[in-house]
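S.K.: Now for the letters of each chain:
2 protein chains.
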Amino acid sequence: MTAISSNLDFLLDPASIAIVGASDNPDKIGGRPIFYMRRHGYQGKLYPVNPQRPQVQGEKTWPTVASLPEAPDLAIVAVPGMKAVEAVDDCAALGVKAAIVISAGFSEVGPEGRAVQDDMTRRARQAGLRIVGPNSQGLANFGTGAIASFSTMFLEIEPQDGPVAVISQSGGMSAMIYGVLRQRGIGVRHMHATGNEADVTVADLARAVLADPEVRIVLLYLESLQDTAALAEAAEMARQRGVPIIAVKAGRSEAGVRAAASHTGALANEDRAVQAFFEHHGILRARDPQELARYAELFIQDAHPSGSRVVIVSNSGASCVLASDAADVAGLQIASLADTSQHRLSTVLSTFATTNNPIDITAALLSNNRLFGEVLTAIEDDPAADMFVLDIPVAGRGYDVPSFAQDAASFARRSGKPVAVVAWQEPVAQAFRAKGVPVYADEQQAMSALAAMVEHSRYMHADSSEIKPDAAIDVTLPPGGSGTLSELDSLSLLSEHGISVIPQQLCKDVESALDAWRQYGVPVVLKACSAALPHKSEYGLVALGLNTEQAIHDAISSQKATLEKMSVQYDGWIVAPLRKGLQEMMAGMNFDPIFGPVVVFGAGGKYVEATPDVAVMLPPFSAGQVMDKLRQLRIWPLLQGVRGEPAADIQAYAELVAEFSRFALGSNGRLKSVDINPVMVGHRGEGAWAVDALIERI
Amino acid sequence: MTAISSNLDFLLDPASIAIVGASDNPDKIGGRPIFYMRRHGYQGKLYPVNPQRPQVQGEKTWPTVASLPEAPDLAIVAVPGMKAVEAVDDCAALGVKAAIVISAGFSEVGPEGRAVQDDMTRRARQAGLRIVGPNSQGLANFGTGAIASFSTMFLEIEPQDGPVAVISQSGGMSAMIYGVLRQRGIGVRHMHATGNEADVTVADLARAVLADPEVRIVLLYLESLQDTAALAEAAEMARQRGVPIIAVKAGRSEAGVRAAASHTGALANEDRAVQAFFEHHGILRARDPQELARYAELFIQDAHPSGSRVVIVSNSGASCVLASDAADVAGLQIASLADTSQHRLSTVLSTFATTNNPIDITAALLSNNRLFGEVLTAIEDDPAADMFVLDIPVAGRGYDVPSFAQDAASFARRSGKPVAVVAWQEPVAQAFRAKGVPVYADEQQAMSALAAMVEHSRYMHADSSEIKPDAAIDVTLPPGGSGTLSELDSLSLLSEHGISVIPQQLCKDVESALDAWRQYGVPVVLKACSAALPHKSEYGLVALGLNTEQAIHDAISSQKATLEKMSVQYDGWIVAPLRKGLQEMMAGMNFDPIFGPVVVFGAGGKYVEATPDVAVMLPPFSAGQVMDKLRQLRIWPLLQGVRGEPAADIQAYAELVAEFSRFALGSNGRLKSVDINPVMVGHRGEGAWAVDALIERI
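Chains as they are written, first to last, in our numbering: chain A, 1 to 698; chain B, 1 to 698.
Derived from the structure by calculation, the hints contain no laboratory data.
Treat the hints with care, as some may be off.
Identical copies look the same in the list; a pair holds intra-copy or inter-copy alike.
Below 27 Å or equal to it, Euclidean Cα-Cα: the simulated DSS-like pairs (lysine-lysine) are [said to hold, decoys possible]: (1) Lys60 / Lys45; (2) Lys629 / Lys672; (3) Lys629 / Lys606; (4) Lys606 / Lys565; (5) Lys60 / Lys28; (6) Lys508 / Lys536; (7) Lys565 / Lys508; (8) Lys606 / Lys580; (9) Lys560 / Lys536; (10) Lys580 / Lys536.
Please take these sequences and the hints and turn them into a complete structure.
M.R.: In structure tokens, the structure reads:
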């Protein structure tokens with residue numbers, strides 16, 4: 001078997017391309033790529049393969065793949081059914097580097113199709129032939145003119161080379177994303193669809209386009225995440241280059257997952273794990289292709305927000321209100337302008353206008369066409385102004401919109417801060433877009449794009465210095481096979497690996513339990529210890545606050561009777577001091593076959609599943625990152641202390657969870673799940689400690 | 001003082017209109033209404049008033065209002081400053097019925113302007129002259145051609161009479177809403193802006209347009225809700241006619257409220273109360289003008305959803321996934337098609353296509369242009385199909401879009417069920433709109449419009465039969481002045497008015513406390529009783545589970561010491577049986593100066609303020625309505641019983657809250673607040689009972 005290279009230049013910049021099933025008709029699938037490549041100036045060699053015609057679209061043809069004068073870098077396979085399989089085999093035999101299999105009827109139609117696809121792919125791999133597809137709409141690179149795609153969308157909206165790369169599992173979505181970007185006037189260089197992904201994946205192509213220095217933003221459409229290592233690598237390349245990756249991952253809901261399964265046979269991903277994976281790797285998520293395009297329009301600006309405070313300028317007071325509401329929903333703040341800015345504004349604005357933010361410049365815009373520019377200049381240096389929204393709900397006759405656009409564009413260039421316009425009137429939108437200023441149809445769209453930019457900026461500048469390079473803890477499991485560890489063994493394992501755990505002893509009988517109680521010198525908890533009993537409290541096998549000989553005696557008798565009635569094996573009783581914390585939190589880990597260990601933390605107690613208030617992250621992460629997530633939970637105010645209660649030791653809990661994340665990472669592939677609930681959190685200074693835990697091996 | 005009529009025909013259908021400050025230039029504020037009225041066929045008499053010119057725009061002028069040959073129905077006042085005030089006075093003297101004061105510089109610029117406005121309005125009222133404005137963009141009725149508005153928007157997008165009425169406090173927003181509606185091809189009859197609302201309000205005009213039989217939908221833009229009685233009356237007219245009212249109420253967030261205050265001096269409304277008011281009166285809420293227009297496009301269809309299950313049909317599998325996700329977010333379900341439907345689908349679709357919903361008709365659409373129509377026909381009678389989304393992310397060359405549109409339109413007419421299209425390509429959108437089918441740019445927009453229709457339909461068919469006509473309970477307050485009632489008095493008052501309350505006794509000393517304990521025969525709670533101590537537990541003045549003489553003795557001694565240290569007046573101790581429920585819930589009421597009593601209910605306990613999980617409604621409402629709201633709370637699963645726990649007596653709690661809503665209504669204007677927390681909810685069959693309460697008089 002030949003080694004497979006991760007360099008995919010021959011896909012994006014092939015020196016020569018064969019088209020198997022080449023057609024003279026530019027509207028046929030086998031004709032369109034030829035038509036496109038001639039139109040968009042492909043400079044390499046074209047080898048149309050067609051046994052019936054000497055020429056197609058004025059290009060000489062060859063009758064078979066075998067008859068080609070050289071092994072081309074790339075072959076487009078556009079013949080149906082088993083002919084496609086034969087063509088791929090022929091390409092493999094000739095030494096072609098890659099084949100884009102446009103033909104459908106493979107894994108997407110059922111098990112038989114999948115078997116044919118798998119066999120074809122295996123043979124190709126053996127010959128060192130990479131496959132895109134099958135069932136792919138193809139790849140298009142407007143930087144090189146290599147348009148190995150049959151999408152009709154290039155006929156609907158004229159291509160224009162630009163800074164954007166679009167990579168999609170679905171051909172329809174690749175075309176739609178291209179379309180909505182071009183509709184916004186954004187230039188697109190790459191538009192690639194991977195179809196059934198028998199070999200080359202979206203992640204592979206993401207790495208490939210990131211090697212193109214002209215690419216300044218990468219947009220992905222995914223229905224199933226499998227190739228996480230490659231995607232993580234692409235994300236790291238993107239981070240180093242400062243190129244945002246924004247992804248739509250469809251199939252978020254159960255209904256969506258079902259639809260995806262019947263669309264591409266996509267395997268379900270747990271959506272919270274997907275989200276955690278994206279955040280971990282700094283990939284921004286968008287809801288749908290339209291949002292993707294809205295984000296892209298802002299992100300291709302050479303602008304960076306230094307914070308999340310927005311200045312709103314409008315010629316309508318009502319729009320100031322709507323924009324303020326939308327900023328709030330998006331999690332942005334209304335910047336409080338400095339006195340100097342307000343003073344400068346007062347010299348620019350009419351007497352009646354307010355100099356607060358949002359800035360209502362009123363109908364005065366009709367008599368002074370430079371007012372937008374003057375207002376922007378007046379506040380340009382305000383340290384609170386992280387970004388700007390110009391909201392123009394009404395313009396037209398009497399308004400010099402091209403002047404507004406010119407002023408906004410100059411300001412954006414000068415300040416380096418993000419500027420977005422809200423305008424629904426097409427001529428107004430076009431005037432701003434013509435000057436390179438992003439335009440949104442409503443306040444909500446503008447604010448959410450700006451908020452996405454703030455979020456992405458946070459990803460890019462996340463301080464991971466707290467996480468040690470050797471982040472994974474080397475986890476040593478107790479001897480023995482698979483299955484669940486007892487509570488005692490679970491807590492011991494955590495304790496041995498540096499996680500704070502309540503002191504405890506395993507007692508075989510009443511006497512040793514009494515010894516333990518006397519030794520602790522405080523009321524104790526007494527719990528039956530058995531790996532077979534994950535939910536002890538539901539069976540009355542947990543006794544709290546025992547502080548007399550009699551009470552300990554009674555508890556053991558009663559639990560013994562219960563255990564005998566249930567006929568379960570048990571090791572004895574765990575005796576631990578009853579140490580009340582302020583809040584019950586939790587920490588857990590689930591091993592995901594795609595994402596590996598996925599850590600959950602947040603509010604603990606009995607009702608974690610019924611009313612979850614938790615965050616999900618991929619390990620490892622720092623205590624600081626835990627704090628950022630805790631701030632978004634409903635329990636956050638309670639951790640601060642409300643109604644005269646003291647504050648909890650959140651820092652200690654965050655450190656425990658961060659340490660646990662290193663444990664979780666170290667357990668990769670060996671532990672199925674860890675559930676620490678509760679983690680008691682004491683008063684500030686008292687710390688946090690695991691009280692109960694359950695560990696399941698794979 | 002002349003009686004003010006609520007009939008505003010002279011505003012919407014005036015027989016004669018004076019224009020004070022009439023201009024020969026159609027681009028001036030005083031010229032544009034004349035230009036519009038001639039253009040749009042106004043049939044009444046026009047009286048331009050201009051002392052300088054014998055004619056404007058070919059119309060004879062009069063030098064003064066006093067010189068007019070008759071008192072016109074309506075005068076448009078378009079002269080600046082104090083001249084406007086004089087003109088209004090002249091109109092009042094002549095007996096004009098209404099004046100639209102376009103002139104600005106009144107309450108919106110400060111206290112001086114407000115004083116002038118108030119004086120002018122007072123004099124007008126005395127003469128029976130109604131005022132729209134000042135600072136109004138004017139009123140426009142394309143049904144009569146009475147375009148008493150200077151908006152430039154009618155020049156930007158050609159007017160077309162239609163079923164929609166737009167009424168807005170802000171002139172800019174009235175124009176924008178008109179614009180986005182017309183951009184979607186929707187005809188607009190009324191476009192009215194009320195400006196400073198010195199007299200005529202948005203609610204007044206809502207009643208007026210609802211008298212127009214051609215109006216089939218009313219859209220409102222509000223920054224402040226004051227005139228709630230008139231709006232409630234308009235809502236009732238709308239309900240009777242089956243006309244939806246959809247409102248944007250801006251100023252939802254704190255930032256938005258601040259912006260609104262500086263825009264129109266709008267008074268803040270508590271947004272949860274606004275929402276409750278809208279729901280109570282069946283007014284649907286939209287986020288912004290764009291959403292308003294999206295809803296309107298669907299609502300003007302003659303279609304009614306019988307449920308919330310949607311069928312998705314697309315030529316892209318990926319769109320099926322995105323649409324399913326969007327349906328889930330919007331709270332809609334994916335309809336499960338009947339076997340008969342699936343069988344019919346299998347005869348229409350290709351072998352490989354799935355016959356499940358969402359229905360991916362694949363690229364087969366390219367070879368069969370009637371496929372959309374055939375698929376719709378196949379599932380038309382499916383009882384699970386409440387509404388339909390056709391999602392077309394890619395069309396163009398090779399697709400017969402006009403056929404799709406024709407088929408969709410016929411289907412929509414035939415079925416009477418809502419049909420919405422998702423298409424971003426302008427020619428595709430236009431083809432469907434031309435046939436009257438609503439079109440959305442993405443799945444989220446389509447699904448949220450459909451969900452809004454389901455919600456509105458629920459408003460219209462809400463079963464209020466459970467609520468008795470004499471819904472308000474006649475509340476009798478104890479004698480005495482204002483301020484807070486003690487816990488005992490609070491609970492007694494509730495109990496006297498039919499609300500279930502825990503038994504309790506006020507005990508003056510240890511002996512009577514012991515008597516009470518012996519009488520209940522169970523452990524008791526002992527709480528200091530004082531109107532001066534609303535938060536007793538924070539001061540250690542609540543003792544739980546006392547079940548010995550000693551314990552009761554100790555508790556009273558200790559509380560007595562605390563009370564003496566705090567130097568507060570107290571009445572003694574409340575002794576009540578400790579009766580544990582399953583869940584702590586709450587119910588409360590706050591008197592709002594605008595909305596009257598506003599009821600809050602949901603999860604109770606100490607942390608209601610810190611982590612609220614409550615619903616807000618205006619009284620009165622039924623137990624069934626309470627249940628609907630409870631289902632949306634986070635605590636809902638816990639009320640059902642999780643982890644082997646029994647279910648709570650939710651029905652009893654819902655009945656208690658419904659009864660409390662009648663009490664709250666009966667307390668209107670006399671109680672400032674009621675806080676019942678906790679309301680204990682027992683096992684199913686055990687009931688629900690108030691345990692602690694605090695009532696504050698106005």
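S.K.: Determine for every hint whether it applies to the structure shown.
M.R.: To see whether the hints hold, each was checked on the structure:
1. Taking the shortest alpha-carbon separations for lysine 60 and lysine 45, only the intra-copy value of 11 Å comes in at or below 27 Å, while the best inter-copy value is 79 Å.
2. In this homomeric assembly, lysine 629 and lysine 672 come within 27 Å of each other (Cα to Cα) only inside a single copy, at 24 Å, whereas the closest approach across copies is 39 Å.
3. In this homomeric assembly, lysine 629 and lysine 606 come within 27 Å of each other (Cα to Cα) both inside a single copy, at 21 Å, and across copies, at 24 Å.
4. When the C-alpha separation of lysine 606 and lysine 565 is checked against a cutoff of 27 Å, the pair qualifies only within one copy, where the shortest distance is 25 Å, while the shortest distance between copies is 40 Å.
5. In this assembly of identical chains, the alpha carbons of lysine 60 and lysine 28 lie at most 27 Å apart only when taken from the same copy (18 Å versus 69 Å across copies).
6. In the homo-oligomer, the alpha carbons of lysine 508 and lysine 536 lie at most 27 Å apart inside one protomer (17 Å), although the nearest pairing across protomers, at 45 Å, exceeds that limit.
7. Proximity of lysine 565 and lysine 508 under a CA criterion of 27 Å is satisfied intra-copy only: 19 Å inside one chain copy versus 51 Å between copies.
8. Taking CA atoms no more than 27 Å apart as the test, lysine 606 paired with lysine 580 passes in both settings, with 16 Å inside one copy and 18 Å between copies.
9. In the homo-oligomer, the alpha carbons of lysine 560 and lysine 536 lie at most 27 Å apart inside one protomer (13 Å), although the nearest pairing across protomers, at 42 Å, exceeds that limit.
10. Both within a single protomer and between protomers do lysine 580 and lysine 536 lie at most 27 Å apart by alpha-carbon distance, with minima of 19 Å and 23 Å respectively.
In summary, the structure agrees with every hint in the numbered list given earlier.
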